[in-house]
Amino acid sequence: MQEIKKYPLDYTVLAVGLIFSLGQFFRYLNVPGSQKTVITLTAVFYFFWGVLHHALRKDLSIKVIVEYLAFSLLAIIASRVILNLL
Amino acid sequence: MNKKIKHFLLELFTPRYSNNYRAKILTPGASALFVGLLLFTQSAISFITLAKPGVLGYSSDITPEKIVTLTNIERSNLGLSQLQVNSLLNQAAARKAADMFAFDYWAHVSPSGRTPWSFFKEVGYSYTVAGENLAKDFSNPDSIVQAWMKSPTHKDNIVDERFSDIGVAVVDGTLNGVQTTLVVQLFATPVNATSSLEEINSQTGRPAVEAYAQQNEEVQALPTPSPSYQAKSNEVTTVISPLAITKGISVIIFAILIFALILDLYIIRKRKVNRISGKNLAHAGFLAVILLLIILSQQGVIN
Numbered sequence: 001m002q003e004i005k006k007y008p009l010d011y012t013v014l015a016v017g018l019i020f021s022l023g024q025f026f027r028y029l030n031v032p033g034s035q036k037t038v039i040t041l042t043a044v045f046y047f048f049w050g051v052l053h054h055a056l057r058k059d060l061s062i063k064v065i066v067e068y069l070a071f072s073l074l075a076i077i078a079s080r081v082i083l084n085l086l
Numbered sequence: 001m002n003k004k005i006k007h008f009l010l011e012l013f014t015p016r017y018s019n020n021y022r023a024k025i026l027t028p029g030a031s032a033l034f035v036g037l038l039l040f041t042q043s044a045i046s047f048i049t050l051a052k053p054g055v056l057g058y059s060s061d062i063t064p065e066k067i068v069t070l071t072n073i074e075r076s077n078l079g080l081s082q083l084q085v086n087s088l089l090n091q092a093a094a095r096k097a098a099d100m101f102a103f104d105y106w107a108h109v110s111p112s113g114r115t116p117w118s119f120f121k122e123v124g125y126s127y128t129v130a131g132e133n134l135a136k137d138f139s140n141p142d143s144i145v146q147a148w149m150k151s152p153t154h155k156d157n158i159v160d161e162r163f164s165d166i167g168v169a170v171v172d173g174t175l176n177g178v179q180t181t182l183v184v185q186l187f188a189t190p191v192n193a194t195s196s197l198e199e200i201n202s203q204t205g206r207p208a209v210e211a212y213a214q215q216n217e218e219v220q221a222l223p224t225p226s227p228s229y230q231a232k233s234n235e236v237t238t239v240i241s242p243l244a245i246t247k248g249i250s251v252i253i254f255a256i257l258i259f260a261l262i263l264d265l266y267i268i269r270k271r272k273v274n275r276i277s278g279k280n281l282a283h284a285g286f287l288a289v290i291l292l293l294i295i296l297s298q299q300g301v302i303n
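Chains A and B are the protein sequences, given in the same order.
Take the first sequence: its position 22, counted from the start at 1, is 22 in the numbering used here, and no numbers get skipped.
Take the second sequence: its position 23, counted from the start at 1, is 23 in the numbering used here, and no numbers get skipped.
Keep in mind the hints are simulated off the structure, nothing from the lab.
Being a predicted model, the structure only gives us computed values, none of them experimental.
Zero decoy hints are in this set.
Once the Cα atoms are required to be at most 27 Å apart in a straight line, the calculated DSSO-like pairs of lysine-lysine come out as:
| # | chain 1 | residue 1 | chain 2 | residue 2 |
| --- | --- | --- | --- | --- |
| 1 | A | Lys36 | B | Lys155 |
| 2 | B | Lys150 | B | Lys247 |
| 3 | B | Lys3 | B | Lys24 |
| 4 | A | Lys58 | B | Lys270 |
| 5 | B | Lys272 | B | Lys6 |
| 6 | B | Lys272 | A | Lys58 |
| 7 | B | Lys6 | B | Lys24 |
| 8 | A | Lys63 | B | Lys24 |
Input sequences plus hints: build the corresponding full structure.
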C-alpha cells in the first residue's frame, strides 16, 4: 500500500490497463483467437509499464527488465498452451 | 533430512542472504522452468492424443432440441419468425457431421471440395437460400448459441429472416485425435415455400445469396457412419479434458507465484531490506488478472 501511495499515477495506469483487459476478454469471449490476443496484449502492456515505471524512478536495470520480461512471457506462453487446445 | 527440506523451502520462498534477498521461485530462471513445465504438458497431451485417441476429449450436455430452442429464442427477441425443424435438414446435418469425422476435417468445405449444400441435395431438400453454422468442444448449448451470436457472420445466419427451416445434428466422435461433440446447424428455405426467390429478394433488398443450385454437382458416395459417429449415444464415457489439465497446472503455478510474491514483499518490508528488483505488488496484481483470465477461459470453437 505504501508503494501505491508513493506512485499513485503509475498504479492507477496499471489498474486501468488490467481492468480494460478484463473487459475486452469478456467482450470477445468465444471469438476465435481473441482470448489469446487479449492475454498477449495485457502481458505486453505490463512489460512496458514495468520498464517505464522503473525508468521514471531511475532504478531500471537489466535484472529488472529481465524480471518483467520473464513474468510477461510466462503469461503469454501459459495462455497459448491452454488456448491452443481449444 | 528435515533440515535440508526446510532449507530448500526457505531458499525457494523467502528472501535471505544466501539467495541475494530474492526468493528463488521469483527469479527469471524459475519462470523459465515453469514455461518448460507448461510446454512439456502440451507435448504430453499431443503425444497422448496420437498414441491413445479418445482418451482425451470434451464431454457435453448438448442436444439438437436445446440448440433449436435457444436459436428460436434469439429470433423471438428480435421479432423474427420461429424456425421449423425439418427432418431432411436434420438428416443433412447428421451426414455433414459424419463426413467431418470420417475425413477428419473441421471446415464448411471438405478437403475434397464438398460443400455443405451437397448434403442438402443428398437428402432431397431443394432450397432457395441456405446457411451453415458449426461448433465443437463446447460443454453446454447456451455457450454455443452465445458464441454464434457474438460472431457477425454466424449471427447473420441465425437472424436471417429469409430462412424458414432448421436442422441440427449433435454428434460425438474423434476429430484430430481428440474426442469431441460436433454441432452442425443448417438453415434453409425450401423451393416450394410461399415466397419465391424473387419475392424474397424484393422484400429484403438482398441479392440472391448461396444460389448453390448446382444441379450438375456430382454427389460423392457418403461413407457409412460407424457407431462412433452416432448422435449422442446412451453410453457414458469418461474422458479427460485437455483444457482441464493445462488449466489446472497453470492455476497452480500462478497461485504459487502470487503467494510467493506477497510473502516476499512482507518479509522484505519487515526486515527493511533495500534491494533492486521488480515491484512485487505490481507482479502480484498482473498475475492475479492472468490467473482470472485463465480460469475464465472457455472451451469451444465455432466455424
